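Chains as they are written, first to last, in our numbering: chain A, 1 to 252; chain B, 1 to 324.
Think of the hints as simulated: they come from the structure by calculation, not from any bench. Here the structure is a predicted model, which is why all the values come from computation and not from measurement. The beta carbon of each residue, even a glycine, is placed where N, CA and C say it ideally should be. One should not assume that every hint holds.
[As the list claims (entries may be wrong)] To give an idea of the chain B side of the interface with chain A (calculated C-beta under 8 Å), a few residues:
#	residue
1	Ser154
2	Asp164
3	Gly220
4	Thr267
[To be verified] Computed footprint of chain B on chain A, listed as stretches where at least three residues anywhere in the stretch have a Cβ under 8 Å from a Cβ of chain B:
#	segment
5	46 to 56
6	172 to 185
[Stated by the list, open to error] Distance windows between CB atoms, simulated:
#	chain 1	residue 1	chain 2	residue 2	range
7	A	Gly211	B	Phe314	36 to 42 Å
8	B	Ala22	A	Ala118	37 to 43 Å
9	B	Arg110	A	Arg89	20 to 26 Å
10	A	Asp61	B	Phe308	32 to 38 Å
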Amino acid sequence: MIEIAGVSLALGGSRILDNVSLTVAKGGVTALVGPNGAGKSSLLSLIARLRPLQSGRITVDGLPVDTTPSRQLARIMAILRQDSGVASRLRVAELVGFGRFPHNRGRLTAKDREIVAASLEQFDLSDLALRFIDTLSGGQRQRALVAMTFCQGTDYILLDEPLNSLDMFHARNLMRTLRRIADEHGKTVLIVLHDINHAASYADRIVAMKGGAVIASGETGDIIRPDILESIFGFSMRVENIAGRLTVLHHA
Amino acid sequence: MTEVVMHRGLLRHEGRLAMMAAVAVLVGVAFMTIGLRGNLAFVVELRAVRLAAMVLVGVAVAISTVVFQTVCANRIITPSIMGLDALYVFCQTALVFALSGFGFAGIDPRLHFLGNFTAMTGFALALFLPMLRRRFDLTLMLLTGVVLGVLFRSLTALLARLLDPNDFAVLQGTVFASFNAVEPDLLLLAGVITVACVAIAWRARHVLDVLALGTDTAIGLGLAWRGTAAGLLVLVAALVSASTALVGPMAFLGLLVVSLTERIVGTNRHAILLPAAALTAIIVLVGGQTVLQHVLGGEGSLGIVVEFVGGIVFLAILFAGGRR
């Protein structure tokens, strides 16, 4: 369980998060949605202790993120930031192997190698395993980073817009994989999504943010409703049930 | 399949490392044996001390530069940006100014070494310790180093203007790196510091690999970034201080050595990069000194030659890189 209580964040005098309180239950996929500048990425950074907490309290599985040793947290929680550029000259397999660092401190065991190979397979990277990261396309690099995050083998997985620059095939593949690990292995996935239909199709719960505050949160079916979506995004859109899936027609 | 090819890649790196080690040994042997004459015991001892000093300084400069570049996530800066060498030159100038050239020459070398070492590491600690506070900005810290470096250089220029010409000549002898007059006592002292620091850097080689992935990724993988980075920067400062206090500033060597090494080994893995950079530095220093002594007739100081050749090689690398 991720518990966020009274968290505020101010950067350079402007208020990014305003007294956010939120509980993300253990297990399942929770989508974080909202317009640009709502504070979604900032909230994710705070949960993942990438940024120091200014006020309030955040715990993951009961461990306060600001005082628990970073290594201990890295074994229960993995984070993928958006645009995390890798400057190092590395091969894909090496990069993915870094996901095992919290467990092995850099010395890959036979089991680690198995996990890395499985992760490469999972994200369709086996053929690219020996390519250098700087020779990949944006989408391939993104997949390598996702594979690294998976390799960490944590109970909690935080993803900040992981579908960026993924094609339809790989975006669907990633969402289905997230769904599967949540269902089969009881993992907790907290994911920032921009395509509301991805959230509608794959998420169990949706948390909507706007202007640095949580404005709605609940089961997917309760959030994917025209009136609530309009209050989040500021324009009206139709919601249809197409072949058993809630679909938001936001292009109209 | 993947495993086999990765393994082959690793073997290639290790092969290159072995080759570099062989070249380093060869250069060392050449330095020790070319043109031996006169009192053999005396000459061999003299050369051995110089060789040891060059190996020590080469290793210290190479390791400190690799670690510094990784922590700062920048492949074209050297630790000299922190202003340590400017502080060193300023300290020597101030000492010559206060004690005159004669008094300066009379300082106990061990005391002088320790004084310089303490001044430089103390300065670095004052610069880095604020890092452990909550809000911290690496760029700001580097900028502080740059500004203080400029301050020390200006003060040095001011004092140098006030020196009499004889004292100025004494000063010139100390502010360019030279291996001609290394005290064996100091060698031991600098050696202990360098070996300890290098051992720590080697143990941290996997941590350095993770740091190279970027701050956010490194924290996500469980590194306590601020503490780790601050500790590594103090290590860099200790290495730079030890080698500078031993022979004088060697600003350019690190940049030259690390960019050459990356081209040779073609990997950023610190398990390969650290030893390879150290070997390159040894080859450049010992090779340079051998050429200086036997081809150029022993005139001038190695520091000047390294900076001159280093500048040319670096420009060549930049142009070659620009054309690709």
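Here is what the structure says about each hint:
1. Ser154: violated, 33 Å
2. Asp164: With a closest approach of 50 Å, the B:Asp164 hint is violated.
3. Gly220: Since chain A brings a Cβ to about 4 Å from B:Gly220, closer than 8 Å, the hint holds.
4. Thr267: This interface hint holds because 7 Å falls under the 8 Å limit.
5. 46 to 56: holds (count 4)
6. 172 to 185: violated (count 0)
7. A:Gly211 with B:Phe314: 36 to 42 Å: Violated, since A:Gly211 and B:Phe314 (Cβ atoms, about 51 Å apart) do not stay within the stated range.
8. B:Ala22 with A:Ala118: 37 to 43 Å: holds, 40 Å
9. B:Arg110 with A:Arg89: 20 to 26 Å: violated, 43 Å
10. A:Asp61 with B:Phe308: 32 to 38 Å: Since the Cβ atoms of A:Asp61 and B:Phe308 sit about 60 Å apart, the hinted range of 32 to 38 Å is violated.
Checked against the numbered hints above, the structure violates hints 1, 2, 6, 7, 9, 10; every other hint is satisfied.
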